[in-house]
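> Chains A and B are the protein sequences, given in the same order. Each step along the first sequence adds one to the number in the working numbering, with nothing skipped, and position 156 is 156. Quick note, the working numbering runs 1000 ahead of the 1-based positions in the second sequence.
One should not assume that every hint holds.
Computed Cβ-Cβ distance ranges for the label pairs, DEER-style [to be verified]:
| no. | chain 1 | residue 1 | chain 2 | residue 2 | range |
| --- | --- | --- | --- | --- | --- |
| 1 | B | L1005 | A | G108 | 48 to 56 Å |
| 2 | A | M101 | B | L1005 | 37 to 45 Å |
| 3 | B | P1205 | A | A199 | 37 to 45 Å |
| 4 | B | A1282 | A | M101 | 50 to 58 Å |
| 5 | B | A1293 | A | R98 | 32 to 40 Å |
| 6 | B | G1265 | A | A192 | 43 to 51 Å |
| 7 | B | Y1147 | A | S90 | 24 to 32 Å |
| 8 | B | V1325 | A | L66 | 32 to 40 Å |
| 9 | A | G108 | B | A1293 | 31 to 39 Å |
| 10 | B | A1293 | A | G116 | 46 to 54 Å |
Below, computed lysine to aspartate or glutamate pairings styled on EDC-like, alpha-carbon distance capped at 16 Å [what the hints assert, rightly or not]:
| no. | chain 1 | residue 1 | chain 2 | residue 2 |
| --- | --- | --- | --- | --- |
| 11 | A | K151 | A | E94 |
| 12 | A | K206 | B | E1094 |
| 13 | B | K1359 | B | D1268 |
| 14 | B | K1104 | B | E1093 |
| 15 | B | K1359 | B | E1094 |
| 16 | A | K206 | B | E1151 |
| 17 | B | K1104 | B | E1094 |
| 18 | B | K1024 | B | E1093 |
| 19 | B | K1150 | A | E214 |
Beyond 10 Å from chain B on every Cβ pair, some chain A residues (computed) [claimed, not checked]:
| no. | residue |
| --- | --- |
| 20 | D9 |
| 21 | Y40 |
| 22 | S55 |
| 23 | V73 |
| 24 | H208 |
| 25 | R217 |
In case anyone wonders, no lab produced these hints; they're calculated from the structure. Virtual Cβ for every residue (Gly too), placed ideally from N, Cα, C.
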Amino acid sequence: MMMQIHNFDLPTLLAGGMLLLSLIMVSRMRLASLVGTFRYQSALLAAYALIIAVSHDEPELLAAALFIAFIKVVFIPSFLLRVAKKNQVSERLESYVRPTMSTAIGVGAILLAFAGARAVFETFATEASIAIVACVFALILTGLILLITRKDMFGEAIGFLVMENGVYAFGLALTGGMPIFVELAILFDLLALTVLIIALLRVAQKVHSSVSTENLRRLID
Amino acid sequence: MEITLLLVVTLVAAAMPYLSRTTKQIRVIAIIGSTCAFLLALFVGVPALFEEATVAGGGLWYMDALSGFFVLLIGFVQWTGMMASVSYMKHEEEEGIVDASKVKRYFTLFNLFVLAMLLSVVSNNTGIVWAALEGTTLVTTFLVGFYDRKESLEAAWKYLILCSTGITFGLLGILVMFYAASAVGADSVSAMSWSNLLWMGEMLPESIIKIAFVLILIGFGTKVGLAPMHAWLPDAHSSAPSPISGMLSGVLLNAALLPILRFKGIVDGAAAPGWSDQLMIAFGVMSLVVPAAFILIQRDYKRLLAYSSIEHMGLITFSSGLGAVGAVASVVHIAGHALSKSALFFGAGNILAAYRSTKFENVYGVVKVLPYTGALFLIALLGLLAVPPSPIFLSEYFIAAAAIQTHPYALAAIGVALAVIFAGFLMLLSPMLFSKKVSAQAEEGDGESWNFSHTGITLNLLVLVALGIFVWTRGGAEIVARIASLL
Chain A
1 MMMQIHNFDL
11 PTLLAGGMLL
21 LSLIMVSRMR
31 LASLVGTFRY
41 QSALLAAYAL
51 IIAVSHDEPE
61 LLAAALFIAF
71 IKVVFIPSFL
81 LRVAKKNQVS
91 ERLESYVRPT
101 MSTAIGVGAI
111 LLAFAGARAV
121 FETFATEASI
131 AIVACVFALI
141 LTGLILLITR
151 KDMFGEAIGF
161 LVMENGVYAF
171 GLALTGGMPI
181 FVELAILFDL
191 LALTVLIIAL
201 LRVAQKVHSS
211 VSTENLRRLI
221 D
Chain B
1001 MEITLLLVVT
1011 LVAAAMPYLS
1021 RTTKQIRVIA
1031 IIGSTCAFLL
1041 ALFVGVPALF
1051 EEATVAGGGL
1061 WYMDALSGFF
1071 VLLIGFVQWT
1081 GMMASVSYMK
1091 HEEEEGIVDA
1101 SKVKRYFTLF
1111 NLFVLAMLLS
1121 VVSNNTGIVW
1131 AALEGTTLVT
1141 TFLVGFYDRK
1151 ESLEAAWKYL
1161 ILCSTGITFG
1171 LLGILVMFYA
1181 ASAVGADSVS
1191 AMSWSNLLWM
1201 GEMLPESIIK
1211 IAFVLILIGF
1221 GTKVGLAPMH
1231 AWLPDAHSSA
1241 PSPISGMLSG
1251 VLLNAALLPI
1261 LRFKGIVDGA
1271 AAPGWSDQLM
1281 IAFGVMSLVV
1291 PAAFILIQRD
1301 YKRLLAYSSI
1311 EHMGLITFSS
1321 GLGAVGAVAS
1331 VVHIAGHALS
1341 KSALFFGAGN
1351 ILAAYRSTKF
1361 ENVYGVVKVL
1371 PYTGALFLIA
1381 LLGLLAVPPS
1391 PIFLSEYFIA
1401 AAAIQTHPYA
1411 LAAIGVALAV
1421 IFAGFLMLLS
1431 PMLFSKKVSA
1441 QAEEGDGESW
1451 NFSHTGITLN
1461 LLVLVALGIF
1471 VWTRGGAEIV
1481 ARIASLL
């Protein structure tokens, strides 16, 4: 098994780029900049799928890359921003921890992911480099951090979407893509999920005049 | 062919509300569609119980006795659930709680929910199983948030985010399993097919599929409501309209457990025997002990029933870690819990309609005010609490018999938890059912007349009792053993 740690080829750069962007996202407290950064990250994911499609010569994956580009880069971010603007959602997002703190937690998670990836890499004899496996693990973790630390519905939703990007990148790095009909079913779910999130955001804005999850704590026992 | 037809019928039924004019038409057509789906489910499910596993529909569907069993369960409970829905929605509409557009939305989502569940149990592709189960979350989120109340919004948001995040780990597990199967030479479609994975077990690399199984157990376990990933369940199940709560608790939780049980079979083929059993036992015990503490402090009968679902899923998970006898208990318990819990929720719908409250403090003397519902609720309750001839009596008896030698401490913990739950149920529900005092809210009504929902509940209970007797007969035991052999 080759340990390609210092390997700066294009896939590694893209995975690293996605990770860097989610680290930036962890500390972003403005709605537009959070959604915008998510858009760039999804673009890198689509590019990653494109590269795998070309290098593995899988035309099916090419279609998947196109769908990712359409759904995650164009549709979801624009839709979220439009709804926020239309319903006059506050630009300021809320978090349980300060941006410096959340960045520190993010860095900690990344170190953890790199340490863990080394152990997992022994089991997964994959052709992707250890750096990529570590990056996608870290991506999933930073998504989770975003999901946990934010206390508004937008932040939580974006956290979930980042995590989903991580899982998708994991699938690409490890297996070079699932059968196309499965990919489409999963993307369709994601699309429906976004519509649902937006529907609930609207209700929250109507009922509470805010998308803060602080208002969502009546059901306790 | 029949499977495809079943799915298409459900899909068409989902479209029908938007093609009908009056809400009466919607209800009539919904009953017809649901009855067709039930008959087709019999057509699909019954033969599958007796035949070898087959791949149908050009490789799309995988049918064995286990999927047949689940198709029958879903087919039946959606039928009685539709009966309960028809009278529930009729009442809500008369009271002015919902308008025609909501009635339309309800029946469309109901059928889409059934469709997604059926798809998740008959699909041959693990990725599609995942997508269908996530689909059930998406569809039912609309139903959990059906009433525009603050609590509904909170429950819907929690449900959507927690369940989706949880089940994403399940997808990660499926991807790892996919990778493991690809690594030993399966092509990309067959590396995701039950029909291949189930016999490939021994060939798969052990260390990788162990990781996959842990991810799958946590991921789908969130959807099953296993503690400690259960936080969303009581909120979601108590906020949805009651017939939907019944289907969520009764059948959806089981449908989410099915992939775990199937993957467990795959892992057992590769890993040392007993490895996955320990995980199942640990999660099972936790899911029994945690709700036991919460059941005692409930103030709301729908939440009480929801906590009890966590407990029963815990029992099923526990018994699936107990080998062959435990597998038989799991199968019987799945059916028993599905039938009795959905009956209880359908009954809870009638109680809510009469008392307009789900709080114990407002609900007294149900047996007096609602004689039919009260009696049926009581019978379903006794069934759920494992009074013979309920099948749950048999399954709990088998669980105890299987665990007493191998896992005495776990069994002791479960025994205590079950006793606490039993006491909690009696303590909370006896005043509600039998109190001589009658709530002011309900006194206005003049008696109760028999409606569709009572028919639905009665059918549930008839099948429950029949099943409880049938499993003791030779033919019944053989069928159960056939299904259990696939776990």
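> Each hint: holds or not?
Consistency of the hints with the structure:
{"no.": "1", "hint": "B/L1005 to A/G108: 48 to 56 Å", "verdict": "holds (54 Å)"}
{"no.": "2", "hint": "A/M101 to B/L1005: 37 to 45 Å", "verdict": "violated (57 Å)"}
{"no.": "3", "hint": "B/P1205 to A/A199: 37 to 45 Å", "verdict": "holds (43 Å)"}
{"no.": "4", "hint": "B/A1282 to A/M101: 50 to 58 Å", "verdict": "violated (34 Å)"}
{"no.": "5", "hint": "B/A1293 to A/R98: 32 to 40 Å", "verdict": "holds (35 Å)"}
{"no.": "6", "hint": "B/G1265 to A/A192: 43 to 51 Å", "verdict": "violated (31 Å)"}
{"no.": "7", "hint": "B/Y1147 to A/S90: 24 to 32 Å", "verdict": "holds (26 Å)"}
{"no.": "8", "hint": "B/V1325 to A/L66: 32 to 40 Å", "verdict": "violated (52 Å)"}
{"no.": "9", "hint": "A/G108 to B/A1293: 31 to 39 Å", "verdict": "holds (33 Å)"}
{"no.": "10", "hint": "B/A1293 to A/G116: 46 to 54 Å", "verdict": "violated (34 Å)"}
{"no.": "11", "hint": "A/K151 to A/E94", "verdict": "holds (5 Å)"}
{"no.": "12", "hint": "A/K206 to B/E1094", "verdict": "violated (26 Å)"}
{"no.": "13", "hint": "B/K1359 to B/D1268", "verdict": "violated (45 Å)"}
{"no.": "14", "hint": "B/K1104 to B/E1093", "verdict": "holds (11 Å)"}
{"no.": "15", "hint": "B/K1359 to B/E1094", "verdict": "violated (23 Å)"}
{"no.": "16", "hint": "A/K206 to B/E1151", "verdict": "holds (14 Å)"}
{"no.": "17", "hint": "B/K1104 to B/E1094", "verdict": "holds (15 Å)"}
{"no.": "18", "hint": "B/K1024 to B/E1093", "verdict": "holds (11 Å)"}
{"no.": "19", "hint": "B/K1150 to A/E214", "verdict": "holds (12 Å)"}
{"no.": "20", "hint": "D9", "verdict": "holds (21 Å)"}
{"no.": "21", "hint": "Y40", "verdict": "holds (22 Å)"}
{"no.": "22", "hint": "S55", "verdict": "holds (16 Å)"}
{"no.": "23", "hint": "V73", "verdict": "holds (20 Å)"}
{"no.": "24", "hint": "H208", "verdict": "violated (7 Å)"}
{"no.": "25", "hint": "R217", "verdict": "violated (7 Å)"}
Figure legend: structure checked against the earlier numbered hints; hints not met, in rising order: 2, 4, 6, 8, 10, 12, 13, 15, 24, 25.
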